[in-house]
Amino acid sequence: MMPAASVCLILHAHLPWVFHPDQPHAIEQRWLPECLLESYLPLLMMLEKLAQEGVPYHLAFSISPSLLSMWENAVLMDHFARYMDNLEALCQQEIARASWNRQRLSLLRDYQDRFAAVRRYFERYGRRPAAALKQLIQSGHIELMTTSATHAFLPLLAEDQQAVYLQIHAGIAYVRRKLELDPQGFWLPECGYFPGVDHFLKTEGIRYLITDTHGLLYAEPRPRYGPFAPVILPASGIAAFARDPNASREVWSATEGYPGAPFYREFYADAADELDEPTLRRFVHPEGLRVQTGLKYYRITGQTHAKEPYDPALARAQAKADAYDFVSKREQESAFLAHRFDRPPALIAPFDAELFGHWWYEGPQWLEEVLRLLARRETLQASTPGDILREQDRLQPTFPAPTSWGEGGYFDLWINPKTSWLVPALHRASQQMQAHQSKLAPPLFEAAMRELFLAQASDWPFIIATQSNAAYAQKRIHTHLDRLTAILEGKVREERLQQWMQEDAVLF
Amino acid sequence: MFFVLIAVIVAATLVLLFLMRRARTDRTIEAARRPLPTSTQDRESQKQRPVSEREPPDANTDRAPDRPSKTADCPIALHALPINPTMIYLYWEKNKQPLDETRLQLNVRDADTGTIWWSAAVDIEGSYFLRDLPPHHAFQIELGPEKGGQPIARVQAHTPAATPSSIIDPDWAPLWEEETPFYQPYHTSSWHIDESFGNHA
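Taken in order, these protein sequences are the chains called A and B. Numbering of the first sequence is given in this note's numbering, commencing with residue 1 and proceeding in unit increments. Numbering of the second sequence is given in this note's numbering, commencing with residue 509 and proceeding in unit increments.
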């Protein structure tokens, strides 16, 4: 009998570096606490609980160096603690307001318990989520992956190989130093693969990378197993995996995906919409902006404005049903493939960690149930790309095609008429850096590298292209490039430099 | 005495922390300054591939035959980034070397046949999106004097594949034959997702 097929769940956690000490209420500064509260900490708690219960699982977790830098920044973690203080106080006030509504009261008590549990967990690890992650890696439940220093979209830098190399080298070195562990795999930011990028991963001790489905599907020569087995890149010896299109679609798709089910919590209907002005100013935003509070009372219900109240028990049942559906479909898929293949198929399912909890509130429950079900199935096993490489000693040599995930499946979302000005601008900045670096003393070099890295983040062209917060993204790029120029030209005073070093304290 | 001892310990710790931090920065500086990693084996394996499929040369390769624009002595730096199977983004800018021309001629040739695919007179610095190109195809892009003559800068680029390859490795005959149409996405990245979930009206 053929060994069980591998289901590789990969969580990729990334946020761009955002730290504005002089603007404590900047909306962008809420991204980190929102994701800590709803995604990162609940996911780590859930994984720790499974480990303590002895559920056999193994999954890959990729953390971006910029997110790890934020996790390791004491000021930002204190900011998160204050965010929690406010939220807990708001929750308490909402409990008083909802005394007439038993269903809402029960939901608010649920929130209260949840916030308290997250707070305890956060404090237990000394306000260091990285310590919790490290423990799970060391206990053998998580395989560590990482990505480029500031999540630069590497195909955008492809014309400047020094920039590609430094993004990869600095990112891996930082994660290695902070966690004192070697990442096994490399998450290509936005799955952006271009021929030759593997060359730089080899020198950093990386064993594998992940491309989108068509990266392998369109590889040359044609891969024997399509996207369902790793291949080896002949030039570097790095293995490449591709994501399973079916497993991804079932979770990601806005139309067919699980997160759109009517019983799940509605992301867009937030308590902020109902709060009076003084409460809003006191607990949410001093300028009275109706930003998301994290307290949400309604379920998706359907394509309607009339939303039904959210019921956590119904949502939990839905998450269980969806997890069962997901695992059953993987079982069918692997049976279909195993019938044709001469080796167990590898079903690679990578997701953004922020999907679980932040965007899809019940995501961590779904994932927990998937891991529990996989542990009980004989034909499937929850494993990691590293496990597969240990089991499959002979891989097909082939060259993947350049691809990324995101709209269009290639590089359009990051290099398009709205963002193309960025390509030569970043290229010039990198060349400027290379020309000056031998003259820079270590503190100035460090400051200059940070500015260059921050300008290269993939988040900015994405935000500009999707027009979600284009002004902020453009401002960030220009700020970092201007600061870089000022540092390289020696036109920055000591106190200003210190301010930038604090504000842009990513890596190093 | 006790306080002096404490002060000495604190001072020694601070010096140690400073030296550790300095050593970290020094390692990054060293990485930034040393030549890019290369390997003869990598280059040899590259040579076995068709020209159109070769990876870009290392930045520390002094001169790549199809990429004269990379060299510092070229007055124009010409760059080509494939965007998708039908599109390439070009940009070019002046290097420090003097250049007599005020306008340039941009020619895009089919790398296999040499026939001109597209051409236009362009400014000395600029960018262009080449569209409607055939997938998985190599192009030679040249910038030369508007009035004609030898190209000043030349670069080769090839569009990504949009269909499974017809090249088969006999040792690895395909077991998975599903033909996938031109890729259609179902995911637009991470935490920026807007209106993807929730079916909010």
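Source of the hints: derived by calculation from the structure; they are not laboratory data. Certain hints may be false.
With a Cα cut of at most 20 Å, we get these calculated DMTMM-like pairs of lysine to aspartate or glutamate [to be verified]:
{"hint": "1", "chain 1": "A", "residue 1": "K320", "chain 2": "A", "residue 2": "E256"}
{"hint": "2", "chain 1": "B", "residue 1": "K604", "chain 2": "A", "residue 2": "E256"}
{"hint": "3", "chain 1": "B", "residue 1": "K655", "chain 2": "B", "residue 2": "D631"}
{"hint": "4", "chain 1": "B", "residue 1": "K655", "chain 2": "B", "residue 2": "D620"}
{"hint": "5", "chain 1": "A", "residue 1": "K475", "chain 2": "A", "residue 2": "E494"}
{"hint": "6", "chain 1": "A", "residue 1": "K418", "chain 2": "B", "residue 2": "E633"}
Each hint, compared with the structure:
{"no.": "1", "hint": "K320(A) <-> E256(A)", "verdict": "17 Å, holds"}
{"no.": "2", "hint": "K604(B) <-> E256(A)", "verdict": "55 Å, violated"}
{"no.": "3", "hint": "K655(B) <-> D631(B)", "verdict": "13 Å, holds"}
{"no.": "4", "hint": "K655(B) <-> D620(B)", "verdict": "25 Å, violated"}
{"no.": "5", "hint": "K475(A) <-> E494(A)", "verdict": "23 Å, violated"}
{"no.": "6", "hint": "K418(A) <-> E633(B)", "verdict": "18 Å, holds"}
Consistency with the previously given hints fails for numbers 2, 4 and 5, ordered from lowest to highest.
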